Amino acid sequence: MQIAPYIGVLAALAAEGQGASVGIVDIDESRRRAAQDTGLHAAELGSMEGEAYAVVLECTGTKAGIHEALRVAARGGRVALIGMGTPENMVVNGLDVNVRGLHVHGIFRYAHTYTAALALLHRYRNRLHPFLAESIPLADLPRVLREPTIPRPLKTIVHL
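If you use our numbering, the sequence shown corresponds to residues 1 to 160, in order.
If you're looking for bench data, these hints aren't it; they were derived computationally from the structure. Here the structure is a predicted model, which is why all the values come from computation and not from measurement. A hint or two may mislead.
What the hints assert, rightly or not - Computed beta-carbon distance windows for the label pairs: (1) V158 <-> V97: 37 to 43 angstroms; (2) H41 <-> L141: 21 to 27 angstroms; (3) H41 <-> P87: 43 to 49 angstroms; (4) E147 <-> L95: 21 to 27 angstroms; (5) A54 <-> L145: 39 to 45 angstroms; (6) L141 <-> I107: 29 to 35 angstroms; (7) A111 <-> A52: 40 to 46 angstroms; (8) G76 <-> H129: 18 to 24 angstroms.
All C-beta atoms, glycine included, are put in the ideal place defined by N, C-alpha and C.
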């Protein structure tokens, strides 16, 4: 199970590529739709009542995401903290981890990953179209950032 902004979709595809059954949760409907567009199952954050997962990849770095990741992890399960949050947000309930026998792993997601990441991008290239929903020239970037509604694709590519 993933708690996922766009990096969660990529982590989910990486897990799926290793044979895992994958599901994603997110509070944002447009990100859930984008995950579904890549062929992944996506649900609303908090909708997983009674579910327990052996492995949870937390990809937001937010208090709510970390809390939900720990909540849905099965006893003895593993939680990987992939999201890069602030010290105030990266809070783990040590008593809960201890009592439930959880294994919490910090992940520096850039270490020794490029070769495998490029292979996964190549393998899933036909499923990654939601990531390429918006591209803009560099000259338009200041205007786009001033707009009251910023484009909502998973990633916006700025052409130099």
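Hint by hint, here is what the structure shows:
1. V158 <-> V97: 37 to 43 angstroms: Holds: the Cβ-Cβ distance is about 40 angstroms, inside 37 to 43 angstroms.
2. H41 <-> L141: 21 to 27 angstroms: violated, 34 angstroms
3. H41 <-> P87: 43 to 49 angstroms: violated, 33 angstroms
4. E147 <-> L95: 21 to 27 angstroms: Roughly 45 angstroms apart at Cβ, these two residues miss the hinted range, so it is violated.
5. A54 <-> L145: 39 to 45 angstroms: The hinted range 39 to 45 angstroms holds for A54 and L145, with Cβ atoms some 41 angstroms apart.
6. L141 <-> I107: 29 to 35 angstroms: holds, 30 angstroms
7. A111 <-> A52: 40 to 46 angstroms: violated, 29 angstroms
8. G76 <-> H129: 18 to 24 angstroms: violated, 38 angstroms
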